[in-house]
Every structure is written in structure tokens, then in C-alpha cells.
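K.L.:
Listed below, chain by chain, are the residues.
Number of protein chains: 4
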Amino acid sequence: MTEKRRRRLPRQVREQQIIDVAVRVFSKRGYHAASVDEIAELAGISKPMVYLYLESKEGLFIACLRREAERLVAAFQGAAQGVVTPELRLRAGLRAFFSFVSEHRDGWVVLHRHAAELSEAIAAEAAQARRAVMAEVTDLVRAGIAESGGPARLGDEDAEFVAHTIVGAADSLTDWMAEHPAESPDGMTRRLMNMIWVGMRNVLDGETWTPPPPPPPS
Amino acid sequence: MTEKRRRRLPRQVREQQIIDVAVRVFSKRGYHAASVDEIAELAGISKPMVYLYLESKEGLFIACLRREAERLVAAFQGAAQGVVTPELRLRAGLRAFFSFVSEHRDGWVVLHRHAAELSEAIAAEAAQARRAVMAEVTDLVRAGIAESGGPARLGDEDAEFVAHTIVGAADSLTDWMAEHPAESPDGMTRRLMNMIWVGMRNVLDGETWTPPPPPPPS
Amino acid sequence: MTEKRRRRLPRQVREQQIIDVAVRVFSKRGYHAASVDEIAELAGISKPMVYLYLESKEGLFIACLRREAERLVAAFQGAAQGVVTPELRLRAGLRAFFSFVSEHRDGWVVLHRHAAELSEAIAAEAAQARRAVMAEVTDLVRAGIAESGGPARLGDEDAEFVAHTIVGAADSLTDWMAEHPAESPDGMTRRLMNMIWVGMRNVLDGETWTPPPPPPPS
Amino acid sequence: MTEKRRRRLPRQVREQQIIDVAVRVFSKRGYHAASVDEIAELAGISKPMVYLYLESKEGLFIACLRREAERLVAAFQGAAQGVVTPELRLRAGLRAFFSFVSEHRDGWVVLHRHAAELSEAIAAEAAQARRAVMAEVTDLVRAGIAESGGPARLGDEDAEFVAHTIVGAADSLTDWMAEHPAESPDGMTRRLMNMIWVGMRNVLDGETWTPPPPPPPS
DNA sequence: TATGAATGAGCGTTCATTCAT
DNA sequence: CATGAATGAACGCTCATTCAT
Numbered sequence: 001m002t003e004k005r006r007r008r009l010p011r012q013v014r015e016q017q018i019i020d021v022a023v024r025v026f027s028k029r030g031y032h033a034a035s036v037d038e039i040a041e042l043a044g045i046s047k048p049m050v051y052l053y054l055e056s057k058e059g060l061f062i063a064c065l066r067r068e069a070e071r072l073v074a075a076f077q078g079a080a081q082g083v084v085t086p087e088l089r090l091r092a093g094l095r096a097f098f099s100f101v102s103e104h105r106d107g108w109v110v111l112h113r114h115a116a117e118l119s120e121a122i123a124a125e126a127a128q129a130r131r132a133v134m135a136e137v138t139d140l141v142r143a144g145i146a147e148s149g150g151p152a153r154l155g156d157e158d159a160e161f162v163a164h165t166i167v168g169a170a171d172s173l174t175d176w177m178a179e180h181p182a183e184s185p186d187g188m189t190r191r192l193m194n195m196i197w198v199g200m201r202n203v204l205d206g207e208t209w210t211p212p213p214p215p216p217p218s
Numbered sequence: 001m002t003e004k005r006r007r008r009l010p011r012q013v014r015e016q017q018i019i020d021v022a023v024r025v026f027s028k029r030g031y032h033a034a035s036v037d038e039i040a041e042l043a044g045i046s047k048p049m050v051y052l053y054l055e056s057k058e059g060l061f062i063a064c065l066r067r068e069a070e071r072l073v074a075a076f077q078g079a080a081q082g083v084v085t086p087e088l089r090l091r092a093g094l095r096a097f098f099s100f101v102s103e104h105r106d107g108w109v110v111l112h113r114h115a116a117e118l119s120e121a122i123a124a125e126a127a128q129a130r131r132a133v134m135a136e137v138t139d140l141v142r143a144g145i146a147e148s149g150g151p152a153r154l155g156d157e158d159a160e161f162v163a164h165t166i167v168g169a170a171d172s173l174t175d176w177m178a179e180h181p182a183e184s185p186d187g188m189t190r191r192l193m194n195m196i197w198v199g200m201r202n203v204l205d206g207e208t209w210t211p212p213p214p215p216p217p218s
Numbered sequence: 001m002t003e004k005r006r007r008r009l010p011r012q013v014r015e016q017q018i019i020d021v022a023v024r025v026f027s028k029r030g031y032h033a034a035s036v037d038e039i040a041e042l043a044g045i046s047k048p049m050v051y052l053y054l055e056s057k058e059g060l061f062i063a064c065l066r067r068e069a070e071r072l073v074a075a076f077q078g079a080a081q082g083v084v085t086p087e088l089r090l091r092a093g094l095r096a097f098f099s100f101v102s103e104h105r106d107g108w109v110v111l112h113r114h115a116a117e118l119s120e121a122i123a124a125e126a127a128q129a130r131r132a133v134m135a136e137v138t139d140l141v142r143a144g145i146a147e148s149g150g151p152a153r154l155g156d157e158d159a160e161f162v163a164h165t166i167v168g169a170a171d172s173l174t175d176w177m178a179e180h181p182a183e184s185p186d187g188m189t190r191r192l193m194n195m196i197w198v199g200m201r202n203v204l205d206g207e208t209w210t211p212p213p214p215p216p217p218s
Numbered sequence: 001m002t003e004k005r006r007r008r009l010p011r012q013v014r015e016q017q018i019i020d021v022a023v024r025v026f027s028k029r030g031y032h033a034a035s036v037d038e039i040a041e042l043a044g045i046s047k048p049m050v051y052l053y054l055e056s057k058e059g060l061f062i063a064c065l066r067r068e069a070e071r072l073v074a075a076f077q078g079a080a081q082g083v084v085t086p087e088l089r090l091r092a093g094l095r096a097f098f099s100f101v102s103e104h105r106d107g108w109v110v111l112h113r114h115a116a117e118l119s120e121a122i123a124a125e126a127a128q129a130r131r132a133v134m135a136e137v138t139d140l141v142r143a144g145i146a147e148s149g150g151p152a153r154l155g156d157e158d159a160e161f162v163a164h165t166i167v168g169a170a171d172s173l174t175d176w177m178a179e180h181p182a183e184s185p186d187g188m189t190r191r192l193m194n195m196i197w198v199g200m201r202n203v204l205d206g207e208t209w210t211p212p213p214p215p216p217p218s
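Protein chains in written order, with the UniProt record's numbering: chain A, 1 to 218; chain B, 1 to 218; chain C, 1 to 218; chain D, 1 to 218.
Calculated directly from the structure, the hints in this document are not laboratory data.
Beta carbons are placed, not taken as given, at the ideal position from N, Cα and C, and that holds for glycine.
Incorrect hints may appear among the rest.
Stated by the list, open to error - Some chain C residues judged to face chain D by a derived CB distance under 7 Å, without partners named: (1) Lys-47; (2) Tyr-53; (3) Glu-117; (4) Ala-121; (5) Ala-123; (6) His-164; (7) Ala-169; (8) Ser-172; (9) Met-195; (10) Ile-196.
As the list claims (entries may be wrong) - Think about it this way: if two alpha-carbon atoms lie no more than 25 Å apart in a straight line, the pair counts; the simulated DMTMM-like pairs of lysine to aspartate or glutamate are: (11) Lys-57(B) <-> Glu-38(A); (12) Lys-28(D) <-> Glu-58(C); (13) Lys-28(D) <-> Glu-55(D); (14) Lys-28(A) <-> Asp-106(B); (15) Lys-57(D) <-> Glu-38(C).
Just need the whole structure built from these sequences, with the hints factored in.
P.N.:
Right under this line is the structure:
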């Protein structure tokens with residue numbers, strides 16, 4: 001028998017093991033298609049342990065949500081640490097995001113791509129987790145423009161609009177990144193900064209794009 | 001029997017009725033949490049009819065996927081019809097997208113936000129549906145820059161990068177839009193154009209954003 | 001294969017079959033120890049049918065409770081039909097009870113002997129079923145004494161006390177009866193009437209038993 | 001650690017503590033719905049202790065059964081101690097019963113109202129416990145009638161019939177008593193003696209109640 | 001003496017799917 | 001064209017019981 005003898009582990013360790021596995025499985029299958037059986041088996045324990053420590057499938061999923069949200073927020077905050085110019089702070093944030101997704105793709109999927117299939121109870125928790133992430137970005141944006149001499153009248157609306165644009169773009173680009181494995185988080189960041197930095201300034205400065213005049217008939 | 005006798009309807013009509021309901025239900029519940037029972041009941045027919053016409057739950061979902069993808073692609077194509085300048089074509093495409101989501105939110109959700117919970121068979125179909133949409137946008141982008149005197153050497157990579165950015169931003173902004181019901185598709189489009197048009201030109205022209213020099217020590 | 005081909009039966013018939021079996025199983029095992037699996041198997045159908053028709057294990061048990069309570073109350077009422085003197089009405093009621101228990105022992109067990117293990121939801125239903133039976137007896141008692149020239153001041157309390165005595169005695173005697181199979185419902189009734197008729201008159205007439213004086217010391 | 005450290009207690013004490021709790025829990029929930037987890041927690045010890053001392057859930061229940069039966073039998077015997085006339089001995093026994101139920105309702109429930117849900121092994125034990133109680137009452141009845149000049153030919157059958165009547169009535173009256181909290185064991189006893197004493201004499205003397213003649217037609 | 005860690009087995013429930021009419 | 005009747009298979013969850021310390 002090559003089977004590993006299950007060693008008795010203290011609760012905290014087992015709990016993290018379970019959550020580690022659960023994030024992977026939830027990410028791969030989605031909430032409903034994931035089965036507690038599979039999670040338990042991959043974690044090398046029996047089902048009742050999962051229930052003993054995490055209460056229910058819902059509880060397990062929420063634990064995953066919370067941990068991954070905390071990790072991502074921590075990544076943001078760590079990245080901005082000590083960076084002074086707003087431009088560079090945004091860059092650092094984006095780089096942190098792309099690094100996080102590179103290294104914790106499952107975590108990001110669990111956090112961001114399960115809205116449709118969740119029970120009301122979980123949906124609330126998920127919304128809050130996503131709001132926490134979005135808030136970090138919004139802060140980055142708002143602080144950025146404020147410090148860089150932007151208009152004081154910057155509204156919440158505009159900042160949130162920009163944040164949604166950036167997060168959505170970044171999220172979508174994780175797919176692109178998956179198809180271009182050579183691309184590093186640094187490269188992604190440079191590309192995306194290039195694409196949005198100027199536009200962001202436009203929006204936050206209140207400049208408005210207007211349709212060009214129709215070309216003169218030849 | 002006061003109950004209304006269902007009239008016997010030709011197959012095509014019934015099929016569309018079923019798909020209409022199914023899109024709503026799949027959108028609200030997600031693929032796994034949606035039950036064929038509920039769909040049949042809301043469609044006012046018995047379960048075996050669903051299987052007679054759509055083969056299986058998977059078949060039903062795929063039918064939904066295809067129809068909504070077709071509708072969205074058609075919306076893009078209709079919007080670009082007769083519009084000459086690339087800038088305006090992009091604008092028209094975005095406006096079509098936001099209109100589609102405003103009016104067919106369920107369709108968009110089914111198309112775009114169920115990646116995680118799908119069986120392999122469906123996932124392939126879904127990926128293709130999304131690729132079809134992404135291809136439309138990529139074409140818009142590529143054509144745009146080509147006509148507007150952009151570099152001939154424009155790589156597929158860059159165009160796809162930009163397309164991912166735009167689609168991701170637009171997708172994410174549907175959430176923002178849902179929280180700001182006063183905003184019209186036209187308004188959304190102007191805001192987003194403002195944010196990305198210049199950056200897109202930068203990227204496609206090969207200009208690169210570089211980190212600013214560190215501020216001089218005080 | 002001697003296995004009987006399951007015939008397709010209309011809902012009402014199947015429902016009664018299921019309840020028939022369920023009463024037997026609940027009676028033998030008690031609510032918690034009874035398994036829906038066993039009930040389904042003995043009924044010759046699959047588990048989902050039970051849930052389709054009876055909603056849940058609780059629903060199934062409540063259906064049993066209701067049907068048996070109705071049957072017993074009907075037996076009481078049928079027995080009293082056309083009997084004029086109160087004494088004979090009580091006798092008829094008791095005879096009906098003993099007949100019911102002889103022929104539907106399981107029904108009586110389900111009705112009367114499961115108080116301890118029921119969920120709050122079911123306990124309420126069970127209490128009501130038992131109250132319905134007790135009410136029949138109380139009426140019998142009250143009507144009896146009233147017509148036979150008993151005191152007008154007969155209180156609800158006394159009538160219920162007597163009813164409890166009679167029902168409790170009769171219930172307990174079903175055990176005795178089970179150990180004396182030769183005894184007929186008629187015989188049981190005569191024995192029990194003999195035992196309680198006079199005492200009942202005493203109680204309802206307000207006569208009170210008093211401890212006899214201590215025997216004179218020798 | 002503000003938590004009180006459980007003191008190590010000698011086996012006998014712990015055992016009684018566990019049984020105390022178990023009687024309460026079994027009474028409230030019924031045998032199957034009661035969980036060893038709950039009992040252990042309420043007893044303030046860990047589950048393995050329960051198994052160490054009582055072997056199994058069955059063993060625990062049987063221990064409860066035995067202790068409560070012993071207590072009730074002791075109560076009967078203590079009550080009859082030194083009472084000479086049979087009438088008063090019966091009265092004393094009934095009073096002891098009602099007192100016991102007033103003070104140990106849980107014990108009585110465990111003893112008497114769980115027939116339906118017990119495993120064969122336990123059912124036998126429970127039947128024996130109930131028989132022990134019934135035997136006490138039967139003795140009371142038999143002794144009573146014998147001493148008071150009743151017929152020598154008194155059969156076991158009759159005595160047991162009477163005992164069943166009395167025990168069943170008394171049991172059922174515990175419900176009535178629960179709804180009339182003002183009633184004391186003494187009051188219950190007087191009421192019940194009033195109701196059954198004469199009838200009991202009738203039965204044991206061999207007198208038979210006969211249906212009255214039909215009323216003359218008017 | 002005492003317990004935290006762990007599990008095999010089973011139960012209530014649901015769901016996609018099919019059969020017979 | 002249309003459906004009421006029926007089920008195999010799986011899933012979430014719990015429980016009595018034991019092991020290792």
C-alpha cells in the first residue's frame with residue numbers, strides 16, 4: 001500500500017488544507033457542480049471533517065471567498081506600500097493583480113466569476129468580497145488623480161466608472177494572458193497602462209470625447 | 001375544466017418559447033442550479049416536450065448559447081452597417097453592445113458569465129460563442145486602425161489585446177450600469193470611448209507608456 | 001424473474017398504497033427509525049415517487065396521522081349513529097375503539113404513541129389528531145351524563161378527566177388485549193364498562209370517594 | 001483560560017451525571033433523535049467518556065430505563081410500607097405514581113412512551129421494565145381484593161385487566177395533569193380512586209355490567 | 001482519567017431522463 | 001403532438017463509534 005497514512009493534524013492546519021483544495025475545485029467546477037465528496041477526497045480526509053470544520057458547503061465556499069479576497073487586498077496594499085507617485089501606485093496595483101492571477105488563478109475565478117449560480121446568502125458575501133477589491137482600485141484611482149493635480153470635483157461616479165473599466169479590462173486580459181504564456185505580469189501591466197492611463201486622465205479631468213465630424217463627401 | 005387547453009403549436013414556435021424561458025432561468029440560476037422542471041413549467045409544457053425538441057439539458061443550454069451569440073453578433077453587424085469612419089464604427093459597436101445588454105441582460109449573462117460551471121462539452125461551445133463576439137470586436141479594432149492610417153504591421157496580438165481590454169471593460173461596466181439606471185447606452189458609450197480611444201491609438205501605433213522618472217529628492 | 005412488473009397506477013391509488021405501507025412501517029419502527037427507503041420498497045415503487053406525492057418524510061407522516069385520525073373518528077361517529085341512551089352510546093363508542101385497534105393496530109400506534117420523537121411541526125399535528133379523538137369521547141361522556149339526568153353543573157374539567165381516564169384505560173388495555181387474543185371487542189367493552197360506568201357516574205354526580213376510617217386498634 | 005477545568009471525578013459519580021442528562025435528552029427527543037453528542041456536551045464531558053462508561057447508545061438508554069424503573073418501583077414500595085388496608089394501599093400507590101410523574105416526568109416518558117422506536121434489544125428491556133411496574137400495581141390490586149374479603153377464585157386475568165386499566169388511566173391522566181398545574185398528586189389520586197374503586201370491586205367480585213333494557217316505546 | 005481528531009455507513013432529498021399511453 | 005407516471009444515480013449532511021495521544 002503506497003497509501004499515505006493520514007496523520008492527525010491540528011484543526012488549523014487541516015482547515016487550511018481543506019480550503020486550499022476547495023478553492024481549486026470550486027474554481028474548476030463552479031459552486032453547484034463541485035461536490036463535497038471530491039473536495040474531501042482530494043484533501044485526503046473524509047467528508048465529515050469538512051462539515052466539522054466548515055459547517056456546510058456554503059460555509060466552505062464563503063471561507064474560500066474570504067481568504068482569497070483577503071489575499072488579493074493584501075497584495076494590493078503591499079504593492080502600493082512606499083510608492084509615492086499616483087501613476088506608479090496604479091502600476092504597482094495592476095502588477096500585483098496580474099501577479100496574483102498568475103499565481104492564484106483559481107482564487108480569482110472563485111472571487112470573480114460565480115455570480116450567476118450562487119444562493120442569495122452566498123451572493124451577498126461574494127458581492128462584498130468583490131466590493132472590497134473594487135474599493136482598493138477605486139482608491140488607487142481617486143488618490144492618483146487627486147495627487148496629480150486633478151480636479152477637486154472628482155465625483156465618486158467617475159472614479160467608480162474608471163475602476164470598473166480597469167478591473168474589467170484586467171479581468172478579461174487574464175484570459176488573453178492565459179493564451180500568451182510568455183507575457184509576464186510586468187509586460188501586461190505596461191501594455192495596460194499604455195492603454196488606459198491617458199484615457200483615465202481624460203475622464204477624470206472631465207474632458208469628453210466627441211464624435212468626429214462626418215468626413216466631407218468626395 | 002376551466003383550465004386553458006394548450007393549443008398545439010408547430011415545432012419551431014414551441015422551440016423558441018422554450019429557449020426564451022430557458023435563457024431567463026439559466027441566467028437567474030446558473031446552469032446547474034437551473035432545473036428542467038422549472039423551465040418546462042414556466043414554458044407551460046411538460047418535460048418530455050423539452051427533451052423531444054432539445055435533446056437534453058446540455059442541448060438546451062447550447063441552443064440558448066447559440067441564439068444569444070447570434071443575436072449579439074447580428075447587433076454588432078447591424079450597427080456597423082453603413083458607418084464609414086473607424087472611430088464611429090467602434091462607437092456604433094459599443095452602443096450596440098450596451099443596448100443589447102440593457103435589453104437582453106439574461107442573454108449576456110448566459111453568454112459570458114457561466115464559464116466555471118460548465119461541462120467540458122458545453123464549455124467548448126461557450127468558448128466558441130465568446131470567440132465569435134470577440135472576433136467582431138477585434139475586426140472593428142483592426143479595421144479601425146488600418147483605415148485611419150495606422151501601421152500596416154499591426155499584429156494580431158495587439159488587436160486582440162485591445163479587444164480584450166474593451167470587451168472586459170464593457171462587460172464590467174454592465175455592472176456599473178446596473179447601479180446607475182439613469183445612464184443610457186449612448187452615455188455609456190461616450191464615457192467608454194473617452195476612456196479608451198486615445199489609449200487604443202497609442203497601443204496600436206506602437207507607442208509605449210514608460211514609467212515616469214522618479215521625482216527629484218527634495 | 002418472478003418480479004411483478006410495476007403497473008402504472010393513477011396518483012390517488014398509489015398515494016393510498018404508500019400511506020398504507022407507511023402506517024405499517026412508522027408503527028413498527030417509529031418516526032425516526034423508519035426509513036423512506038424501506039417504505040418505498042415495501043410499496044413496490046422508487047423513492048422519488050414518495051417525494052413526488054407526499055412532499056417529504058414529514059408530509060408522509062402527517063398524511064398517515066390524518067387518515068388514521070379520520071378513520072377512528074368516523075368509527076366513533078358511525079357507532080353512535082342511532083343509539084339513543086347515553087350508556088349504550090358509550091358502549092358503542094368503546095366497542096368501536098376496540099374494533100378499530102383490533103383491525104388497525106398500526107394506525108392506533110401511529111396516532112397515539114409517538115409523542116416523544118416528533119419534530120415540533122409534526123407534534124402539533126399529532127396533538128391535534130389526538131385532540132380530535134379525545135373530543136369525541138368527551139362528547140360521549142358529557143352527552144351521556146346530561147341525558148341521564150346528571151347535574152347541569154357538569155364542568156368541562158370533570159368530563160375531560162373522565163375522558164382521559166377512559167381513553168388511557170382503553171389504550172393500555174389494547175396491550176392486554178394483544179396478550180389475550182381470545183378476547184373480542186365486545187368482551188373488552190363489557191369488561192371495561194363494568195369497571196368504569198359506576199365510577200364515572202360518581203365523578204360526574206360530584207360524589208367523592210373518601211379514605212375509610214382507620215381500622216380500630218385491636 | 002478562564003474556562004473551568006473539569007475535575008476528575010470517580011466513575012460512579014460521572015456515570016450518574018451522564019444518566020441524569022441522558023434521561024432528560026431521551027425524554028425530550030426520543031431515542032433515535034437524541035444524539036450522543038448532545039448528551040456528552042450537556043454532561044460537560046467528551047464523547048469517548050460516554051462510551052467508556054456506558055458502552056454504547058443502547059447501553060446508555062438501558063441504564064436510563066433501569067434506573068427510572070427502579071426508582072418508580074421503590075416509590076411504590078415505599079408508599080405501601082406500613083399501610084394496612086388494601087384500599088389505602090392502592091391510594092398510596094397511586095399517589096406515589098402521580099408524585100413520581102410530577103417530579104420525574106422525563107423518567108416516566110423514557111419508561112413508558114418510547115415503545116415504537118426501539119431496537120429489538122432495547123424493546124425487550126423496556127418491556128421488562130414496564131412489566132416490573134405493572135407487577136407492582138397488579139400485586140396491589142390482588143392483595144387488596146384478597147384481604148378485603150374478595151373471592152378466592154380471583155384470576156390473574158382479572159387482576160391484570162384491572163391493573164392495565166388503572167395504569168393506563170393514570171398514564172393518560174398525566175397529560176391531563178400537565179394541563180391543570182393546580183392539581184396536586186393528592187387531588188389526582190382522590191379523583192381517580194373515586195372513579196375506579198367501585199368498578200374495580202365489581203370486576204374483581206365477578207359482577208357484570210349488562211346493557212340496560214331498551215327504553216319503552218312512547 | 002480524558003479528549004481532539006477522524007471515519008464508515010446511511011438517510012432525506014433532488015434531478016435529469018425515460019416509458020407507456 | 002402531448003403527458004402523467006416512474007426511476008437510477010448522486011449529493012448534502014449527520015451520527016454512532018473509534019483511534020492516538
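K.L.:
If a hint holds in the structure, say so; if it does not, say that too.
P.N.:
Each hint tested on the structure:
no., hint, result
1, Lys-47, "violated (20 Å)"
2, Tyr-53, "violated (24 Å)"
3, Glu-117, "holds (3 Å)"
4, Ala-121, "violated (13 Å)"
5, Ala-123, "violated (11 Å)"
6, His-164, "holds (4 Å)"
7, Ala-169, "holds (4 Å)"
8, Ser-172, "holds (2 Å)"
9, Met-195, "holds (4 Å)"
10, Ile-196, "holds (5 Å)"
11, Lys-57(B) <-> Glu-38(A), "holds (23 Å)"
12, Lys-28(D) <-> Glu-58(C), "holds (18 Å)"
13, Lys-28(D) <-> Glu-55(D), "holds (22 Å)"
14, Lys-28(A) <-> Asp-106(B), "holds (23 Å)"
15, Lys-57(D) <-> Glu-38(C), "holds (23 Å)"
The structure does not agree with the numbered hints 1, 2, 4, 5 stated previously, though it agrees with the rest.
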